[in-house]
Amino acid sequence: MALTITGLSKTYPNGVKALKNLSLTIGNLMFGLLGPNGAGKSSLMRTVATLQDPDSGSIDLDGLNVLTQKDEVRKILGYLPQEFGVYPKLSSYDMLQHLAVMKGVTNKTERKQMVEAILNQTNLWNERKKALSTFSGGMKQRFGIAQALLANPKLIIVDEPTAGLDPAERNRFLNLLSAIGSNMTVILSTHIVDDVRELCPRMAIISNGELLLEGAPAEALESLRGKIWSKVVAADDELRALETAFNVISTHLIGGLHEVRVYAESSPGDGFRPADSGLEDVYFLSLARQAQN
Amino acid sequence: MTMFREFFTFELKFRFKSLSTYVYFAVWFAFSFLDIAAEGFGPIGSSNGKVLLNGPYANIYNDIGISFFGIIVIAAIFGTSILRDFQRDTVQILFTKPISKVAYLGGRWAGSFVATVFAFSGLLFGEFFGTLAPWADHARIAPNHLSWYLQPFFSIVVFQIFFLGSLFFLVAALSRKIFIVYLQGAAIFMLYLTGIAIFSARRSLEHFWSGILDPIGFLYHDAITRYWTVVERNTLLYSWSLGSANGVFLYNRLLWGSVGLLSLIALWRLFPMSVEALTARSSGKRAALAREQDLAEVAPRRSLVAAKLPAAHKVFGFATTLRQLASLTRLRISNIVHEVPFWGLLILMAGIAINNGHYAGRVGDQNVWPVTYLMLQSVEGGAILFLYIVAALYAAELIWRERDTHFAGIHDALPIAETTDWFSKLFALCFVELILLTVTGVCGILMQTIAGYYNYEFAQYAKELYLVTFPEVLTFALLALFIQTVVSNKFIGHGIVIGVFVMVPILFSFGWENTLYLFGNTPPYTYSDMNGYGHFVPALFWSIAYWLSIACLLGTISIALARRGADDAWPARFRLAAQRAPRLIPAAAIFFLAAVGSGAWYFYNSHVLNQYLTAQDRRDISATYERDFKKYEHLAQPKIIAVDANIDIFPERRSFSGSGNFVLQNKTAQPISQIHITNSQQSVSNVRFDRPFHAVSTSARALYTIYHLDTPLAPGDKLDLTFNVGYTSRGFKDGNERPELAYSGTFFDVDYFPTIGYDISVELDDPRRRREERLPEQELLPRRGDPAGSVTNLLSAQSDWIGYRTTVSTSDDQIALSPGYLTRDWHANGRHYFSYDMGNVKTLDFFAYVSARYDVKREMYAGAANPISIEVYHTSTHLYDVDDMISASKAGLAYYEKNFSPFQFRQYRILEFPRYRSFAQSFPNTVPFSEGIGFIGRVEKPNDIDFAYFVTAHELGHQWWGHQLVGGRVEGSNMMAETLAEYSALMVMQQKYGRDNMHRFLKHELDRYLRGRAGETRRERPLVLVQNEPYVWYQKGGQVMYTLADYIGEDKVNLALHNFLMEYRYANANDSRSGPYPDTRQFVEALRAQTPAELQYYISDAFENIVLYDNKAVSATVTPTPDHKYKVTLSVQARKMRSDGSGNESPMPLHDLIDIGVFSGKKDEEKPLSLKKVWLTQPAQTFEIIVDQAPTRAGIDPYNKLIDRDSDDNMVDVTKR
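Protein chains in written order, with the working numbering: chain Y, 148 to 440; chain A, 54 to 1270.
Derived by calculation from the structure, the hints in this document are not laboratory data.
Note that CB positions come from ideal geometry on N, CA and C, so glycine has one too.
There could be a bad hint or two in this list.
Computed list of lysine to aspartate or glutamate pairs in DMTMM-like fashion (alpha-carbon distance at most 20 Å, straight line) [to be verified]:
1. 367(A) to 263(Y)
2. 361(A) to 384(Y)
3. 277(Y) to 839(A)
4. 367(A) to 257(Y)
5. 164(Y) to 392(A)
6. 167(Y) to 620(A)
7. 276(Y) to 392(A)
8. 684(A) to 839(A)
9. 287(Y) to 839(A)
Here are a few chain Y residues that face chain A, going by a calculated C-beta distance under 7 Å [to be verified]:
10. 196
11. 199
12. 231
13. 236
14. 238
15. 248
16. 249
17. 264
18. 299
19. 301
20. 418
Can you make the complete structure from the sequences, with help from the hints?
Printed below as a string of structure tokens:
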């Protein structure tokens, strides 16, 4: 499975340019899509999930034209939108049964096994008979994951899947995804950098509809090794001074003090000490560079 | 105070920023604008032609109507204002701040109140601008009076906004459930509707408590204005005084005003002002939640290692598509039936159906068996609105469900075809509708069982519900699905769907009547037990096929345009539609061809085979006829003296043909050279005379033809007129099928035969329609003594009396009848032939032909002169009234022969005909009697009024009053036929039921008279000068004749009638020159001759004037006497007024004989202890009456023998002193 996205552009009627000539190739692996809110991640994912058409460009999935052969794509697709609701008064078990039929699992036994397995995997087994509308945010999100993984999809698109999950459930979901993620294409969009670091052999950062970076997280990290410096300052004035003087990537609060991280080829000066580069630095640096251009 | 202002202005700002406020305003504006500007839109405009459109009565009525529909608006504004804080969770912020209860609730309430009053004020403006519309009927628009606008608006509308708004506000504040808030308005609306239906079905004449308890107004309106005459309707507003209509309005306002105040007090007392109390879940739910959390803590840790998911095979293909469709449909049905509103609607619908079904056996004034067509009419009538509401509501829910629940992201990416998805929505909707229809049918069968009617006609239920109604609802549902697909917002969609639903009848009433362009319209049809759906089937079938094809075409387009994915913009949807089109085009083409084909076939039948005429076209024809030929009205013409006809009826083709021969005689003093013939039914052809003649002119549609005789017809000379007569039904029409022709139950009369001269019955008589056609006011019947009118027969102007014989044939299995004695009955050529001959008995020129499949019941009655055969021809299942009709005939013959004169015939026949028309009509010895008013009557209690009995006696009475005695064509003469037949029937009824039971019947008669005069479109006439006022000649006439008999004695009245009949019957029967017919002057003279001098005033009052009484019992007390009797002291008031034709009243001096009575027993079941006639001369008088038993009731004119507008206050309870 390989997904080839070529020259995708999309402008919404209100003038927002969601995608700007975006090209991307995604292999048969888990692919992380990082970007701030409004970057165009969801637009891209919806386009791949056959839910909207671009103004121009093409998407090819192993010889399938995603834009015109939507029905074929849908047969192998598992999609979890960023926001979704549920029918009230229906139980997760019944709903998954129904969705399994929709996805072409017509054999009753297989369908039952599939639904039960997935309910177990998403830790919804005990709640399988409860109305979906009574689910908490986390439970609902797990249901969303369950339906996306239903019926052995070959292309899984999950938009912010870990939002709303507690740490244990997030781990479990990532485990599940990596367990089934072999021999299929998984596109995972998130703004949680750790999701990508932990899970994805390859990643891309997009912002304002443009591709900023595409590659393996490890490679990206390597390129920053020794170029991240940090300094802890107490006063806001000091922080403001640093911001004007240096290429500040990010600041964090540590016990009420500001830890400032700066990108520089060599030590930027007094009080800075070298810091380990993280994927987050890659992310912020990419965004900062785009902003400068 | 500032805080109050804060909330108040916030609420106002919110409302005035919201579109809905202006929509409500606009709707009320439009309604009241059209009430005035578009006659025929509102109830006032389309009813009485003399009530001002912007007068006080019209304003009051419109205000009440808008109050009724406004319940939902009031609920929407008041309910949501408080709910908003809970929906948007602003409570958390609000109630942590120090705000006062009064400021919060008061501000919200007051803001809602002002906004609602503003919304409703649209009706004031709409009405005002309506009066300015140049095209409105300005004959009915008076200069605008501010008080006519404001008094009703404040005392009805604003008052109702106050108490209903407060009530809704209270419920919303205490329940804080969106479901309740949205449903409470609809619930009150439906409950009220049901209450009104129950009340009216009980046919109660009670107007006091019902008026007070009515929150909306229709009942108190009826209580107050029931008998208002035109003058009163155009001048009076509701009075707040206790003296007006027993203070119903004041008490009503006091009651409901206190409901409003109590609601506000309850709100202030009960509303908790803390977040905790407001948002707390029920303790049970909290406990359950806590238990669950405890369980979760002890649950064993799950492994973090993910197991592999089992593999599943995915199969796609047609079988899968079917499974997907089934699963989706199931899901959608489950979505609907798992929600409370569906059950609410279902239960409400079943409730209304059951309620209506309970009253299915009450038709007008009679109790009948709830046969299946009546039961269906009742239960379906109650359910039909729900079927359409459900179609509109769930079409929207189904189309928008995925978007509303935000499930669209997942749903739209599933591998299902749009067609599958769309069909699942359609099937779910069909399923729900079929459930509702089945429940409706079950309610009907249930209510038939409860009513003791066990002749279940399941096939008729199935046909009506599943084959007629279901496709109609389906058509509408498909439209709603389409509209919801196209519009960008569910509520806009609802607006358009409701608009289409409402527009169809509105367009129809404006003369846009064509089924082919009124969406979903089908021509009217009537089920008859004689015929089933009969000849209505083809038009019904093809119109349903046509609209269903169009709806399916819309359905196909809906699939193409169905939303899928995130992009809702039209370019994207068209792109998707283009992708889907190739697979949809074949279906679209089929539906298109089906629509064109069925539409073309419908058009061919209704416009090509038949001439298509709207109501307006038909009125134009009448008006043109009047304009062109009225001038010939008094042209001397010969009269018909003999009729002979050969008629072949072809019931299976709804056609007949034949030839006829009239013998005409010149009964005038001059020679006649022109013969004018009116052919109002387009059924006459090939007219020829026994001497040389030529046609001078023929009008359009051959309606009026003038023939010239080469040699004039000399006075006294006779002339043979021969003609062909017939009518051939071709295909079907767009409604307006001739009711005279049916597969079983053909019934047509002399109207299909040539009319000699100008036919006044073609003229339009509604003054509004005449104004529209720019015709002058319709000419009245001439005064008594008019030279032309006096010598003209009232009932058949073209003839005096005729000899009649005919031969008629019909299909082999039917019986054909016409007046006269059967002289021959034979079968030939596979047909059934009958010859009838009247012999030497002269009859009116008034005959009919009837043919149907009949069962016959005959009984012989020994008449005064010869045996009389009483025969009832009925359809085989209608056995209920047959014996009753026969015994009524016998009782009538006995009474009439004894008191009036011998019956002139040897037979009296009653013939059932289909309920396409609802009347019974007396032809010589032959009475066609509609199945709509007889044959299924049911008498449960011995003193229930037996309507079939009454009508039979009335029609038999016409064999004397009409068929022996007929007046001239002058004012008043109609009463000598109708009033005397009514009186005759009342006397027969009295024989059956006894004097005491006549009271209830007469009270209904009095009510109908008083309502009749209130609805008069021209002017009321005194009884003996009556023109065309049925409520005068039936109800008033019957009442005053009955009272006269009570006052001077039944024998005296009968003697007067006998003398009058003997002197004037068969006027002109044997003369070769038409002489005068009797008129009501001679009739009054006959009555006066038998009336003692002191009671002559009653003849003047009751017959020659319009006189009303206002009699009232003020108080009655009882004290025991030493000799163990009871002394009742009774105070009464009595007033007498004379009214003019428009209802202007002037007082008259009182010197009247009036009943004073004391009774035992409770109200409505009184037994007389003392009943005496007393001369009253003072407006207030007190009587002392000694009775033997303990009295309970006492009063003046207790039996309502006199015409009294308030018949309820004539008696009071007797109290102990």
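Legend entry - Given pair status - residue 263(Y), residue 367(A), alpha carbons within 20 Å: holds (17 Å)
Inset, instruction - Compare the distance between the alpha carbons of residue 287(Y) and residue 839(A) with 20 Å, and conclude whether the hinted pair is satisfied. - result: violated (93 Å)
Legend entry - Interface hint compliance - residue 199(Y) to chain A, C-beta minimum distance less than 7 Å: holds (4 Å)
Legend entry - Cut-off 7 Å, beta-carbon criterion: hint that residue 264(Y) touches chain A: holds (5 Å)
Legend entry - Given hint residue 236(Y) near chain A, where the shortest CB pair must fall under 7 Å: holds (4 Å)
Legend entry - Proposed proximity, residue 839(A) with residue 277(Y) (alpha carbon, max 20 Å): Violated: residue 277(Y) and residue 839(A) sit about 90 Å apart, past 20 Å.
Inset, instruction - Decide if the proposed pair is consistent with the structure: residue 684(A) and residue 839(A), CA atoms, cutoff 20 Å inclusive. - result: holds (18 Å)
Inset, instruction - Compare the distance between the alpha carbons of residue 276(Y) and residue 392(A) with 20 Å, and conclude whether the hinted pair is satisfied. - result: Holds, at roughly 18 Å.
Inset, instruction - Would you check whether residue 301(Y) satisfies its interface hint, that is, whether its CB is within less than 7 Å of any CB in chain A? - result: Where the cut-off is 7 Å and the nearest Cβ of chain A is about 10 Å from residue 301(Y), the hint is violated.
Inset, instruction - With a cut-off of 7 Å on the beta carbons, see whether residue 231(Y) makes it to chain A. - result: holds (5 Å)
Legend entry - Restraint status (C-alpha distance of residue 164(Y) to residue 392(A) at most 20 Å): This hinted pair is violated, its Cα atoms lying about 41 Å apart.
Legend entry - Pair hint residue 361(A) and residue 384(Y), alpha-carbon separation not exceeding 20 Å: Violated - the C-alpha atoms of residue 384(Y) and residue 361(A) are around 55 Å apart, more than 20 Å.
Violation of the numbered hints given earlier is confined to hints 2, 3, 5, 9, 14, 19, 20; the remaining hints are satisfied by the structure.
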